[in-house]
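K.L.:
The chain contents come next:
2 protein chains.
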Amino acid sequence: MRENRIGRQTIVLPHPPAVIGWGSAAGRKEGRGPLGAAFDFTSADDSLGKKTWEQAETAFQEKALAFALGRAGLRGEDLDVLLAGDLLNQCIASAFHARQAGVPFLGLYGACSTMAESLALAACLLSGGFVRRAAAMTSSHFCSAERQYRNPLEYGGQKPPTAQWTATGSGAVILAAEGTGPRITHVTLGRVVDKGITDVGNMGAAMAPGAYDTLRAHFADTGRGPADYDRIVTGDLGSLGQEIVTDFFRQDGVDLGEVYQDCGVLLFDAKAQDVHAGGSGCGCSALVLTGLLLNEMAAGKLDRLLFCGTGALHSPTSAMQGESVPGICHAVAIEYGKEGTP
Amino acid sequence: MRENRIGRQTIVLPHPPAVIGWGSAAGRKEGRGPLGAAFDFTSADDSLGKKTWEQAETAFQEKALAFALGRAGLRGEDLDVLLAGDLLNQCIASAFHARQAGVPFLGLYGACSTMAESLALAACLLSGGFVRRAAAMTSSHFCSAERQYRNPLEYGGQKPPTAQWTATGSGAVILAAEGTGPRITHVTLGRVVDKGITDVGNMGAAMAPGAYDTLRAHFADTGRGPADYDRIVTGDLGSLGQEIVTDFFRQDGVDLGEVYQDCGVLLFDAKAQDVHAGGSGCGCSALVLTGLLLNEMAAGKLDRLLFCGTGALHSPTSAMQGESVPGICHAVAIEYGKEGTP
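Protein chains in written order, with the working numbering: chain G, 108 to 449; chain W, 108 to 449.
None of these hints come from the bench; they were simulated from the model. Model, not experiment: these values are computed from the prediction. Careful: at least some of the hints might be erroneous.
The list cannot tell twin chains apart, which means a pair is met if one copy fits it or any two copies do.
In the SDA-like style, the derived pairs of lysine to any residue whose C-alpha atoms are separated by at most 20 Å in a straight line are [what the hints assert, rightly or not]:
no., residue 1, residue 2
1, 158, 250
2, 157, 424
3, 157, 173
4, 266, 177
5, 266, 378
6, 302, 162
7, 157, 320
8, 158, 169
9, 157, 431
All chains should be built: construct the whole structure from the sequences, respecting the hints.
P.N.:
Encoded structure:
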C-alpha cells in the first residue's frame with residue numbers, strides 16, 4: 108500500500124483534487140473593506156432579514172454555497188459531502204445549513220482554522236477516491252460571536268488594541284476529483300500549541316506559536332521554503348500575530364518576506380475601519396480565500412498558495428476557569444499551473 | 108483513478124484499516140451498570156480530582172487514550188493524527204486533551220454521532236495512505252453537559268420519561284493501516300434529517316429519522332440487510348428512539364430483529380439506575396464500543412458489527428429560538444474474520 112506522507116505531519120495528495128468552484132458572501136463592513144469589490148455578495152443588512160443572528164449566519168452559508176455551486180456549474184445534490192464548521196456553540200450555523208443542503212454532512216470544529224481543516228479533509232477524501240465532489244466551508248458572524256464570546260452588542264463593550272474583529276460572512280469551496288482549476292497538493296496537519304497566553308483579547312499572540320509550529324513542519328517535511336510560494340497566508344492572527352510569526356522565523360534565520368500576510372490584516376482597513384488588530388472568525392480566512400485568493404489564481408495572478416488556517420481552541424468557560432488559549436494551525440498548499448491545469 | 112464508493116452515501120475502503128487498540132474510561136454510574144466489569148477504568152469520583160467538570164472530562168479522555176495505546180503497544184507520539192470531539196461548547200474537552208497529546212489534531216463536532224464520525228474519517232485517512240496510525244475518540248460528562256445544556260446540578264432539575272442520561276466517560280480507538288484486528292470495511296456518511304421535533308427532552312424521537320435514513324442508505328448502497336450483521340447498534344437513541352427506528356423499518360417490511368440494539372439502552376439498567384429512556388452523550392456509544400463491542404470482537408463472539416453514531420445537532424440557543432432538533436447518523440461497518448484477520 109502506497110504511503111502518501113512525507114515527514115511527520117504532511118500529506119502529499121497522490122491525486123490532487125481541483126478547486127472547481129468558490130463563493131463568498133460578506134457582511135456590510137467586510138464589503139466596505141479593501142476586498143469589498145471581490146465578494147460575490149455583500150449584505151446591506153447583516154440580519155439578511157432573519158429573526159436571529161444565528162439564522163443570519165446560516166443564510167450567509169447558503170449564499171456562499173450557492174455562488175460556489177454556480178461557479179462550478181453544479182447543483183447541491185451533485186455534492187457527495189459537505190464539510191463545515193463555525194464558531195457557534197454546537198456549530199449550529201453549519202448544522203442548520205446542512206439540514207437545508209440535504210447532502211451527507213461532516214461537522215468540524217477547529218475554531219478559525221476550520222476553513223483549512225475542511226479543505227484538508229475534503230482533499231484527502233477526494234484524493235482517496237472516497238467522494239467525487241465535496242464542499243468545504245465555514246462562516247462567522249460578528250453579532251452571533253460577540254454575544255456568545257463576549258457581551259451582547261447592546262452592552263457596547265470596549266476592546267483592547269490587541270483584539271480582533273469577528274468577520275461576518277461565509278466562504279465555500281467546491282472540490283472535485285476530476286476537473287480543471289487550482290489543485291490542493293499538500294496538507295500539513297497541525298498540533299495544538301499553547302504557550303500560556305490567558306488574555307482572550309489577544310488571540311494573535313495565542314495562535315502565533317501554533318502557526319509557527321505548522322509552517323515549520325510544512326517547510327521541514329516538504330523541503331520547501333517561503334520562496335516556493337507566491338503567497339503564504341495565515342488566517343486569522345491579525346497584525347500582532349503576523350508580527351510574532353515573522354519574528355519567530357527571523358530568529359531561525361528565515362525571512363518570510365513580502366510573501367507572507369495574514370487574512371485578518373487583508374480583510375479590513377484596520378485604521379479606517381476601527382478593527383484594532385484586524386479580522387478574525389472562521390469567516391475571515393474563508394472570505395479572503397474565496398473573495399481574493401482563488402480569484403487571483405483564476406486570473407493567473409497567483410500560482411502557488413499556502414493557506415494556513417489558525418484557530419484558538421478555547422471557550423468562554425475555559426477562559427473563565429483560568430485556562431490559557433490553545434492554538435492550532437492546518438496548512439493547505441493550493442497550486443495552479445504545475446500539478447494543476449491548464 | 109479508482110472510485111471507492113457504492114451508491115449515494117457509502118464508501119468501501121480499499122485497504123480496510125485495523126482496530127489495533129481500544130480503551131474505555133467510565134464514570135461511577137456507568138461502572139455500576141450492566142457493562143461495568145468491561146471497562147478498562149471506572150472512576151470512584153467523577154471529578155477525577157480536577158477542579159472543574161470540564162477538566163475532568165479531559166482527564167477521562169486521557170485515560171481512555173492511554174488504555175487504547177497500551178492495548179496497541181504504542182506510545183502517544185506513534186500517532187499520526189488524533190480525531191476527537193465532544194459536546195462542550197467549542198469542544199474544549201477534546202482540545203485540551205489534544206494539547207497534552209501533542210500530535211496532529213482534527214477537531215470534530217457531530218454531537219453524539221462523533222464517535223462514528225471520528226472512526227469514519229480516520230478510516231478514510233488510513234485507507235488512503237494519508238496516515239499510518241490514528242486515534243478516534245470522544246467523551247461526555249454528565250456534570251459538564253447538564254450545566255451547559257440544562258441546569259446546574261445544584262438546581263436538581265427533573266426530567267421527563269423521554270429524556271436520556273448523559274454518560275460520563277470516554278472511549279478511544281486506535282486504527283492502523285497495517286496490523287491485525289477487526290477492520291473498518293464500509294462507511295456510510297449521513298445527511299441531516301429534521302422532522303420538526305422541538306422537545307429537547309426527547310432526543311430519541313429527534314434523532315431516530317436520521318438513523319433510519321442512514322441505515323436505509325447503507326442497506327441500499329451495499330445490498331446488505333440486518334441478516335448480514337451480528338449486531339447493529341445505534342448510539343444513542345435510547346429506548347424510545349430504538350423503538351421508532353424499529354417501527355420505521357417494520358413499515359418497510361424489514362425486521363431489524365434481535366440484531367439491533369441501541370447503545371443508550373445497553374449502557375445502563377434503565378429502571379434500576381433511573382436513567383429514563385437510557386444513556387446519551389458522545390461518551391455513551393464510545394463506552395459501549397470500547398467496553399463491550401470491541402472486546403466481544405476480540406473474544407471471537409462478534410464478527411460483523413454496524414456501528415451507527417447518532418447526533419442531535421441543536422444547541423440551547425437554537426432550542427430557545429424555537430428551532431427544531433436536526434438529527435444525523437454516520438454508520439461504520441467493523442468486521443472481523445472476513446476482510447479482517449486472523
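K.L.:
Where does the structure disagree with the numbered hints, that is, which hint numbers, in rising order?
P.N.:
Those not satisfied are hints 4, 7.
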